[in-house]
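Chemist: Below are the chains, spelled out letter by letter.
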Amino acid sequence: MAGKTKPVIALTGATGFLGSHLMATMLAKGYSIIVFGRPAKNESLKERISRLLKWFGIGSFLDQVKCIDADFSQDNLGIENGEYSRLCSVVDSVIHCASDTSFSENKREKVMAANVNNLKGILEFSKNAHISFFHYISTAYVAGTGVSFCKEILSSAKSFTNVYEESKAAAENLISMFCQKNSITLSIIRPSIVYGDSQSGRSLKFNALYFPIRSAQSIRDIYLNDLSNNGGIKAAKNGIYIDNDGYLFLPLKIYLPYEGDLNIIPVDYFVNATIKIIENCSQGGIYHLTNNLPTTMKIVAKYYEQLMKVRGVEIIYGPQPDNLLRNPAEELFDRFIEPYRPYLSDNRVFDRTNTILATDNLNPPKFTYEIFKTCMEYAIKVNWGASIFA
Amino acid sequence: MQDIVNKSDDKKTPYEIARNCRHYAMCKIDFLGSGVCDSGPEKHFVSFYPQGRMILYEALAGNKISVTEKCIEIADSCNLCGKCDYQCYFLNEMRPTKVMEALKNHVQTYIKNGGKIKLSKDDFLLAEIKKIVGENWASNDEAITVTYSHDLSAISDPKVPDYVVMPNTKEEISSLVKLFNKNKITYTIRGNGQNLLGFAINEGAIIDLNRMKTIEFDEKNWLVKVRPGVTAFDLQKQAQKRGYRINASEPAALLCANIMCSGIMSTFSTTYGINADNFINAEFVDHSGSLFDLNEISSPNLYSYKNLEHKDSPGICVSASIRLHPVTDDEKGILVPFETLNNALDFIKDCSIRHIGLALGIVGAEYISTFLSPTKKMASEIKNIFVDKLNIPWLVVVIGDKYAIRSISEMGFPFFDQNLFKSLYLGLPSLKTAQWLDLVKELSDDEPYSYLKVKSFAELFETALSPSPRLYSQEVDKELSPFFEKLFSHQEMTDLVWLNMYRIMSTRLGRKKPFLPALIYLPIDKDLINDFTDKFRLIAEKHGIDNDFGFITPIDNGKRCIFEYDFFYDYNDPDEIQRIRQVAMESNMLIDDYSVKTGTVKGHPYVLYQGFCRKENLLYS
Chain A
1 MAGKTKPVIA LTGATGFLGS HLMATMLAKG YSIIVFGRPA KNESLKERIS
51 RLLKWFGIGS FLDQVKCIDA DFSQDNLGIE NGEYSRLCSV VDSVIHCASD
101 TSFSENKREK VMAANVNNLK GILEFSKNAH ISFFHYISTA YVAGTGVSFC
151 KEILSSAKSF TNVYEESKAA AENLISMFCQ KNSITLSIIR PSIVYGDSQS
201 GRSLKFNALY FPIRSAQSIR DIYLNDLSNN GGIKAAKNGI YIDNDGYLFL
251 PLKIYLPYEG DLNIIPVDYF VNATIKIIEN CSQGGIYHLT NNLPTTMKIV
301 AKYYEQLMKV RGVEIIYGPQ PDNLLRNPAE ELFDRFIEPY RPYLSDNRVF
351 DRTNTILATD NLNPPKFTYE IFKTCMEYAI KVNWGASIFA
Chain B
1001 MQDIVNKSDD KKTPYEIARN CRHYAMCKID FLGSGVCDSG PEKHFVSFYP
1051 QGRMILYEAL AGNKISVTEK CIEIADSCNL CGKCDYQCYF LNEMRPTKVM
1101 EALKNHVQTY IKNGGKIKLS KDDFLLAEIK KIVGENWASN DEAITVTYSH
1151 DLSAISDPKV PDYVVMPNTK EEISSLVKLF NKNKITYTIR GNGQNLLGFA
1201 INEGAIIDLN RMKTIEFDEK NWLVKVRPGV TAFDLQKQAQ KRGYRINASE
1251 PAALLCANIM CSGIMSTFST TYGINADNFI NAEFVDHSGS LFDLNEISSP
1301 NLYSYKNLEH KDSPGICVSA SIRLHPVTDD EKGILVPFET LNNALDFIKD
1351 CSIRHIGLAL GIVGAEYIST FLSPTKKMAS EIKNIFVDKL NIPWLVVVIG
1401 DKYAIRSISE MGFPFFDQNL FKSLYLGLPS LKTAQWLDLV KELSDDEPYS
1451 YLKVKSFAEL FETALSPSPR LYSQEVDKEL SPFFEKLFSH QEMTDLVWLN
1501 MYRIMSTRLG RKKPFLPALI YLPIDKDLIN DFTDKFRLIA EKHGIDNDFG
1551 FITPIDNGKR CIFEYDFFYD YNDPDEIQRI RQVAMESNML IDDYSVKTGT
1601 VKGHPYVLYQ GFCRKENLLY S
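Each protein sequence line maps, in turn, to chains A and B.
Just so we're aligned: 172 in our numbering is position 172 of the first sequence, and the numbers increase by one with no gaps anywhere.
To convert, count from 1 in the second sequence and add 1000; that's our numbering.
There could be a bad hint or two in this list.
To be verified - For the chain B half of the interface with chain A, some residues (derived, Cβ under 7 Å), not all of them: (1) Asp1346; (2) Trp1436; (3) Leu1439; (4) Asp1446; (5) Leu1460; (6) Thr1463; (7) Ala1464; (8) Ser1466.
Said to hold, decoys possible - Subject to a maximum C-alpha distance of 20 Å in a straight line, what follows is the list of computed EDC-like cross-link-like pairs (lysine to aspartate or glutamate): (9) A:Lys110 / B:Asp1446; (10) A:Lys107 / B:Glu1339; (11) B:Lys1453 / A:Asp243; (12) A:Lys253 / A:Asp268; (13) B:Lys1453 / A:Glu105; (14) A:Lys237 / B:Glu1447; (15) B:Lys1332 / B:Glu1410; (16) B:Lys1441 / A:Asp100; (17) A:Lys205 / B:Glu1442; (18) A:Lys253 / B:Glu1459; (19) A:Lys205 / B:Asp1446; (20) B:Lys1441 / A:Glu105; (21) A:Lys381 / B:Glu1564; (22) A:Lys107 / B:Glu1459; (23) A:Lys205 / B:Asp1438; (24) A:Lys237 / A:Glu331; (25) A:Lys107 / B:Glu1442; (26) A:Lys107 / B:Asp1446; (27) A:Lys110 / B:Asp1293; (28) B:Lys1455 / A:Asp100; (29) B:Lys1453 / A:Asp100; (30) B:Lys1441 / A:Glu331; (31) B:Lys1389 / A:Asp221; (32) B:Lys1098 / A:Glu331; (33) A:Lys107 / B:Asp1445; (34) B:Lys1455 / A:Glu331.
Since the hints were derived computationally from the structure, they do not count as laboratory data.
On a predicted model such as this, the values are computed, not experimentally measured, just so you know.
Beta carbons are placed, not taken as given, at the ideal position from N, Cα and C, and that holds for glycine.
Using the sequences and the hints, build the whole thing.
Modeler: So, in structure tokens, the structure goes:
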């Protein structure tokens, strides 16, 4: 693409975690972006985008963004006819990042509506705009359960860990058929679990990797408060104390079904790799943005202990014994991490052949203590997102 | 005007505090176990209770009356013990002692400055009244009469009666009625002035029934006969001592008056019923002064029901034989959270049909946070936490035995049990700063409130909140916190069963502003209830009146429910009074519309003076 005029990109999900990071870098690279999104309760879409760009330190780039209120469940995306036609005439490519990331079975209807049923509008727009490229941000986990080697091909799985994986697999197939029929080049980008920026630690979202750490920190703080202000009676009852090194000893046995990895990539890698794929791959394809040097929960637990000055965390691989007595912290922590458990000890290996070629062998960094510390310190600084825009 | 409502009592003048007396008569009952004003039970007139002194001071400071003989007696009878501060602060965050001091100062200064004491003279009628009730039990002294110029209904214009009379027997009442009839004097019966429609105030004579406090238990027939001066709180206390329970409304309400006006209703009405379900017999003095007994064949049929607004009263109820209910030692209270009103409605209907639970009631976040919080400020903070952090906009209160609680557990509903409730209640201040609440909300993503099913959540919850009477008491005025700390160390103050039996918290709903409830009997129909909720809100918003969902209690095996929606207003603001009157009128019109349209909706005004009717006649005719 070097030397050519940058294509006009229509981007969905620009107010989300991955979409916003992608938008920021693309704007810095000179792309013109049309954001399809929705206003929030008390904020217009433009105000939301403006706030995000300021957070990225590129508030002046707002002029490069056109914000379009769009409702993916409506015909013509709910956009007025004249404006819709005009947009069709200027957009060159679509990056579809918008997604409902809930794992909850209770939210099946909502997740399927957002991730599958509502594709119709953006696909019709792509057809009407005669775009050349459709880039779909999916997940590395569409291969379903029981698969040990995940290829960079469409998923034919019937069984999934949760409704999110299921919806993304269904969406990939639907988009693929549509693009084939309408001669649109499709690239499917499948990141594994994404955390913050590996250099600065900055992040807009604090779920996935962050959630177990945040849960453990909350439990730690509850007992620290008990020890400092209430004589530590409850802590003592559960064998929790401050040891001679000033560390909190908090027994936390975490059972994971089998030994396995935790595949995580930083958002800066996700953005750089995605842009390379968009710029380099004129033929389209499927790309796994995964880590060939995955970490493990044992390593993360050690990092957590070091950073939070805690001892007593034990990762145990294997089935949880029957009638096991759990302390309140363990019981609650188990409940906290339940939705993420399948990803915490994962034996899946991801094929990265297409990705290596498309990204000039760009690889995510190994997850070191320094990266962990930088990311978690930022998360704590912004109170796990609560005061991120304060 | 809004500034005065929001000002704390230490910044308010005594006059401002006095003008904000809610007239709930709660200072007439010992609901905190801290005692009541010493002079009240001795003199009986409301004038000798803090409520009366607040009204008296307001009248004196506002130059509405002069200093009279009784005025001096009333002021002198206050020993500034401070009990009223405990009670009134608990309910309304008000400190009446400042007013009591001001009243005493006002009178002393007046006398010191040579002010003329206004002497009241017995006219012919007062002399005749005194012949019936005795010298001490009737007065036309302005300091007495002015304290009867208000009742709970703050939207009615105050009226000062000519006489206040306190009979002690039904025969005295009969003689009084005959005397008033003969002399063409209007008379009005007053219990504790708990009427919401202003029917306890009038010109002419007020017959205050507060001396008639006899309670006679007839345990072999599961009955208790009460005279008309007995309050719900006092009777419940006596019944509980003997191992029984009665169905009781507001604690300061007098039972006979309560039945007379609209019938007894509470969350226990789910099983104990309403109206004629609550009594076996009653005695009356009719408008001619004759006595009649409800169970006599020749007596008026008060068990019938006519859909008439403001039906005439059948006379004066001078005793009622109230039903006693058995109590088991495994009764517990729980709070079942819900994300939507519709889900809560499904739940109470199901429980009611299946006869699960003794008492059931849906409350909104406004209600529950107001009940639990010791101050207005905290109530507002806690409401936000309930809605935004805990995702609990609705709660169902259930009182039941161990089988009922087990059934709810088996139905799959997570709930706050008694222990969790106690932790939540006494740990409320910690809740305000609890960072871990965000996680609890995320935990609910898969299954709402599933954290409540985690076996040891209660222990961690208790560890996190560090609940204690001391922590809770830190939120109140510093000099009152030792009292509150001691109070909240009493087991009953955090016992959901006790709190629902005695209902001492419900008055807190008027702490921010007095409220006017719209009460309706209707089927547990989600569309209908949502319609009412939306339309009540729109009416209130149109007139700029604060409003909120009150409660819903199922009755008669889930076939109907009682629904309360509340409108809040400042009764010292004439403009707001006008607007609340408009809201009341439009709300009643709305209820009338639905009544005609559905044939199943009954509005509360239509039950007035028909509280003795059979519930079947009220609900299904």
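Chemist: Would you mind marking each hint as holding or not holding in the structure?
Modeler: Here is what the structure says about each hint:
1. Asp1346: Hint violated; Asp1346 (chain B) Cβ to chain A Cβ min 16 Å, cut 7 Å.
2. Trp1436: 4 Å, holds
3. Leu1439: OK, holds: Leu1439 (chain B) within 7 Å of chain A, min 6 Å.
4. Asp1446: 4 Å, holds
5. Leu1460: Holds, about 4 Å.
6. Thr1463: 4 Å, holds
7. Ala1464: Holds, because the Cβ-Cβ distance from Ala1464 (chain B) to chain A comes to roughly 4 Å (cut-off 7 Å).
8. Ser1466: Since chain A brings a Cβ to about 5 Å from Ser1466 (chain B), closer than 7 Å, the hint holds.
9. A:Lys110 / B:Asp1446: Satisfied, since the Cα-Cα distance of roughly 13 Å is no more than 20 Å.
10. A:Lys107 / B:Glu1339: 14 Å, holds
11. B:Lys1453 / A:Asp243: 32 Å, violated
12. A:Lys253 / A:Asp268: With Cα atoms ~33 Å apart, Lys253 (chain A) and Asp268 (chain A) exceed 20 Å; violated.
13. B:Lys1453 / A:Glu105: Cα-Cα ~18 Å, so holds.
14. A:Lys237 / B:Glu1447: Status violated; Cα separation ~30 Å.
15. B:Lys1332 / B:Glu1410: 16 Å, holds
16. B:Lys1441 / A:Asp100: 17 Å, holds
17. A:Lys205 / B:Glu1442: 13 Å, holds
18. A:Lys253 / B:Glu1459: With Cα atoms ~18 Å apart, Lys253 (chain A) and Glu1459 (chain B) stay inside 20 Å; holds.
19. A:Lys205 / B:Asp1446: At roughly 19 Å apart (the allowed maximum being 20 Å), Asp1446 (chain B) and Lys205 (chain A) satisfy the hint.
20. B:Lys1441 / A:Glu105: 16 Å, holds
21. A:Lys381 / B:Glu1564: 46 Å, violated
22. A:Lys107 / B:Glu1459: Distance ~30 Å between Lys107 (chain A) and Glu1459 (chain B) Cα, so the pair is violated.
23. A:Lys205 / B:Asp1438: 14 Å, holds
24. A:Lys237 / A:Glu331: 15 Å, holds
25. A:Lys107 / B:Glu1442: 13 Å, holds
26. A:Lys107 / B:Asp1446: Distance of about 8 Å is within 20 Å: holds.
27. A:Lys110 / B:Asp1293: This hinted pair is violated, its Cα atoms lying about 64 Å apart.
28. B:Lys1455 / A:Asp100: 31 Å, violated
29. B:Lys1453 / A:Asp100: 27 Å, violated
30. B:Lys1441 / A:Glu331: Holds, at about 17 Å.
31. B:Lys1389 / A:Asp221: Given that 20 Å is the threshold and the Cα spacing comes to 18 Å, the pair holds.
32. B:Lys1098 / A:Glu331: 52 Å, violated
33. A:Lys107 / B:Asp1445: The given pair, whose Cα atoms are some 8 Å apart, holds under the 20 Å limit.
34. B:Lys1455 / A:Glu331: The hint holds at about 8 Å.
Violation of the numbered hints given earlier is confined to hints 1, 11, 12, 14, 21, 22, 27, 28, 29 and 32; the remaining hints are satisfied by the structure.
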